[in-house]
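Protein chains in written order, with this note's numbering: chain A, 1190 to 1268; chain B, 217 to 692.
Honestly, I wouldn't trust all of these hints.
To be verified - Derived Cβ-Cβ restraints for the label pairs, each shown as a range: (1) A:E1257 / B:S580: 34 to 42 Å; (2) B:L352 / A:N1229: 55 to 63 Å; (3) A:E1257 / B:K233: 52 to 60 Å; (4) B:R465 / A:N1206: 52 to 60 Å; (5) B:L250 / A:F1259: 41 to 49 Å; (6) B:K253 / A:D1228: 28 to 36 Å; (7) B:N220 / A:V1222: 43 to 51 Å; (8) B:S460 / A:D1228: 47 to 55 Å; (9) B:G291 / A:T1192: 39 to 47 Å.
Since the hints were made in silico from the structure, they are not lab data.
For every residue, glycine included, the Cβ atom is placed at its ideal position computed from N, Cα and C.
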Amino acid sequence: MKTELSSILGYIEQLNNVNTEGVEPLFQTTGLVNSMREDNPPAGGRGDFEMDEQLNGKLIGQAPDKQERFIKVKSILNK
Amino acid sequence: MTKNYTIKDISEGLAKKEFSAEEILSHYSNKIGLENKKLNAYLSTLDFQNSKFKIQNSSLAGVPAAIKDNMLIDGTVATAGSKILENYTSAYDATVIDKLKKAGVQFLGKTNMDEFAMGSSVENSAFGPTKNPHDLERVPGGSSGGSAAAVAADLCVFALGSDTGGSIRQPASFCGVVGLKPTYGRVSRHGLIAMSSSLDQIGPITKNVYDTALVLNTICGQDKFDSTTVSREVPDFTKNLDKSIKGLRVGVPKEYFTAPTGRQDEGLSSEVRISVQNYISELEKLGCEISEISLPHSEYALAVYYIIMPSEVSSNLARFDGIRYGHSSQKSKTLLEVYENSRSEGFGAEPKRRIMLGTFALSSGYYDAYYLKAQKVRSLIKKDFDNAFGKVDIIVGPTAPTTAFKIGEKSGDPLSMYLSDIYTVPVNLAGLPAISIPCGKGSESGLLVGFQIIANSFDEETLLRVAYQLENKLKS
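One chain only, chain B, in its complex shape:
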C-alpha cells in the first residue's frame, strides 16, 4: 500500500476486495503517525471507526478523510486554530460531517489552520505553522493549509476546507491539489465555526476533479439548520464531466493580469502568468472560444473585503466570552474582567487586529463611510460578474499572484499577506463558485502554480466539466 489513493481507487479496491476498509484506515493512521510531525498538517487524530462504511451504494464508503479544525465532529476537540478553543469539545455534528458520516466516510483527524481561518499561510495558527509538503521551508497557503498539505502528502484521501476569501483555493494552488469553493448557499455551514457569515463556504480539497465532484454530491443541499442554504435541485456532478466543452465561451479578465493599484511590487509574478497563459491555450485547443473581458471593479475587491470581513468577524467572535465554553481567564474578579482577560489571553494577533478593524468600521460615526460604502462597491463587483456572464460561460485566470512563499516571508506585513488573495476574494464577494486546479510548475521557482476557474452562481457543473477536461488533457 504505497499508492496515492483517490476516492475512486478506494471504492474500486474495496469492491474488488483488494483491501478492507480497516486496512485502508490503519494504512493512513500509520502514515500520519510517521509523517505528521514534519508537516504539522493535523492538529489532532481520531481513532473511532465509522460503522456506516459498510453502506453499499455510497462512493465515499470507507474513504479516509481529513477535516479542517473549524468544523464540529460530535465529541471531539475543535480548536479553529485558536488558544481560546484549545479544550473545546464539539457538542454536535456539523451538517457536512453528518452527511459524510452517513455516506460511510472515515475521519482521520482535524487539520491545522490559521486562527479562526484568518490568514493565507497557517502561520497564524496558535499551534505552529504547517509546512508545504513540496518544500518544507515554505507555507502550504491558508487558511485551509493543513487540509491541503494532508491531501498533497497523501495523509488522507480527501479533505474538507472552508473558503471566505480564498482559503480553499489558495492552499490548493500552493500544494498542487484541487480545491473547490461552491456557490454561496450550496453547502450548509451549520457546525462551521463562523468567521464572515456572508462569505464563508465549505468545500472539498481532493487529488483530482472527479473526486471533488463526488464529495460535492455528498455535502451539498438545503439544510434547515442554515437558513442561507438554497432550495435547488442537486445534479449528479460526476455525470456530465465528459460532455464536450467545444464552443464554450471562456473569458479572461484583463484586470487579473495587471498589478493591483498602489502595490506594483505585489502584482502577478511572471512565472504564474506564463503557466496560466499556457493553460488558456490548452482550453483553446479543446475548442473553447477565448475572449478578453473586463471586471473593472476587481481592483477594489480586497479593500471591500477588508471592511466587510472584519465587520462580520467582530460580530461573530463576540460569542467567545469566557463564560459558556473555551478559555476563561482565572485571574478575573468581575464579569467585565472575565470578558476582557479571556479574550486578551485567548485570541492571537490577527483576530485582535480584525476585531478592532471591524468594530471601527461598524461604529456609528464611520458606518456609512466604511461598511455601507464597501457593501455598495461589493454590489458593483457583483454587477461586473453579471455583465461578464452575459458574454461568457466561465472565467479563468490565476488562483494566486505567486507560488508558495517562505515561512516568515510575509508575516511581518499583514497587508502584503492579504494581497495573496487578490484573485480569490472577488469570487466570495459575489458568492460565485470557483475551483483551483494544478497548472504545472513555475518556470523560475519550480514551485506549483494554480489555475482558477470561476462559474456563474450554481453552475458548478460547467466549472467541474472544464476543470476535468483540462486535467485530463494535461495528463495525456
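Okay, chain A solo, but in the shape it has when bound:
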C-alpha cells in the first residue's frame, strides 16, 4: 500500500508544472449557487419525504443495535 500511494502521489506532483497564478478554483461545473426551495412544509412533515412508521422502520431497522425507534451505540466514555 505504501509504495502504491507513493507512486500515485509522485504522479500527482506533475501539477507543480502548471502555472495557476490568478486562476480561480473550479469546485463545481453547474454554476448554481444556493438552490433554494419555498419554506412551507405541510403540517407535521418535511413535505418531500412522508415519514411514517413504515419508512422509519426501514431506516432505523437496519441498525445493528437498536431500542424502539432509536439507534444504540457503544459507550463513548469509560464507565
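Starting from the known structure of chain A, fit chain B onto it as the hints suggest.
Below, chain B without anything else, positioned relative to chain A:
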C-alpha cells in the same frame, strides 16, 4: 425469442402483440439464469413485476432493464460492490428508478461493479470480477462493467450505469455497446450511492444510439431531491436524430493522440488510433468539417482527478460507520472500535487507498498544495474546452487508450489501471456530456474499440445526432 432486442423492438412487438410483457420478462429471466454464472454480470436478480408496464404512451413500457448496484430500488439489496453493504436494503427508490418505474420499465436485477464505483475493470468488486462477454479472459471495463456486459450479452434490453471518470463510457467501449454520460446536472443522483459528488452522473448503456435517446428522455430533468440538477427545458432527444450534420464543425484534440507525460508505455495503442481515425474520416464523408484543436491541459486531467475524487470519496464514505446500516464489526467494545473495525473489515483495498489519499490531500498542511491546486488546474481544463467549443461544435477521439485488457493484467499496478481513463476523465472534470459508440474491431487484437464524442454542456442533442448518423452510416 432469440433476437437481441432493442427498446424499439420491444415496444413494437408489444404493440403488435407478437409477445406479452410477461413473456419478454421471463425470456430474460431464464437467459440470466442460464448465462450469468459464466459472466457474473448480475449480483442479484429481482422477481417482482412492475404493474405499470401496461401504460400505453411510454416507449419504455414493459422493457426489461438492468441497474448498476449503486442505485437504490426500494426494498431490494444494494451493495455498491462492497462487503460493507452486503446486506443493505434500500429504503426508497432513487429518482431515476422512480422515473423508470412510472414509465413501466421491468427491473431484472442489479449489476456488478467495482467497489463503490472505484475501478476500471470490475476486478475491485467484493463479489468477484465480471467477464467480458466477447472474451471471457478479459475485463468488461468498469466500473459499470456488469451493466455493459449485461447489455452486450443480451441479458437485458438496456442498463443504467454511473460515470465519475469514465465508468459508463470505458466499459461501453470494451463491450461494444453505447454508453452516455450526460451533462453534470442533467440527471438526478438522488438514491445513487455517492462516490465523488462533483463528478458523478447517471446514464444509459444501450444497444444503439436511438435507445440511449429514449432512456435519456425518461431519466433526465430537475429534481427537488438533488440540488445540483439544473432547471432547463428537456427536449425530445429522439426528435432531431436524423437532422443533417453537414457543415458541423468537428474538433480532434491533438493531445488525445499522443502519449500522456511520464508514461510513454501507456499511450494510445496503434490499433485504437487506426479505428478512431477511420471513424473520423467517415464523419468527413457525412459532410462534417474536421479540424485539429488543442486541449493543452488534458495531460494534467488524471492528476487533478486523483486529488479531487479521493478527497470527495474520503468525505462521502465517512457515512459508513457501522452504526446505522451496513457491516458492523462484532468484535468491538467501544464506539471508536466500532468505527475502526467495521471500516477495516468492510472496505476493500481500493476504497481504503482512496480514503487515505483524500484525507491526506484535504489535511490542513496539504490542502493548498493538493486540493486547491487541483481545483485551479480543473478550471484551466474547463477553459480549454470552453475555448474549443468557440471554434467547433463537437469533439471526437478515442474512449480508452486500449481495447479490453486481461483479467489480472493491471490489478497489481493501480496507476496503470487509472491511466485507462485518460480520455474520459477530462470530460467529468468539465461537467460535459459524452458518449462512447462502438468503432469496429482493433486490427491487431480483434477486440472492440470505442469512439468518444464530447459535446458542450447540455448539448446532448448534437451529441446523439452525430452518434446516431455515424452508427447508421456504418451499418449500411
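Tested hints:
Separation of E1257 of chain A from S580 of chain B is about 41 Å and conforms to the stated range, judged on CB atoms against 34 to 42 Å. Under the hint 55 to 63 Å, the C-beta atoms of L352 of chain B and N1229 of chain A, about 57 Å apart, fit the expected range. At roughly 53 Å, the beta carbons of E1257 of chain A and K233 of chain B sit within the given window of 52 to 60 Å. Remark: the range hint 52 to 60 Å for R465 of chain B to N1206 of chain A is contradicted by a beta-carbon distance near 31 Å.
At about 47 Å, the CB distance of L250 of chain B to F1259 of chain A agrees with the hint of 41 to 49 Å. For the pair K253 of chain B and D1228 of chain A, the supplied restraint of 28 to 36 Å is violated, since their beta-carbon distance comes to about 53 Å. At roughly 46 Å, the beta carbons of N220 of chain B and V1222 of chain A sit within the given window of 43 to 51 Å. Distance hint check for S460 of chain B and D1228 of chain A: the Cβ-Cβ separation is about 49 Å, which falls inside the suggested range of 47 to 55 Å.
Separated by about 44 Å at the C-beta atoms, G291 of chain B and T1192 of chain A satisfy the suggested range of 39 to 47 Å.
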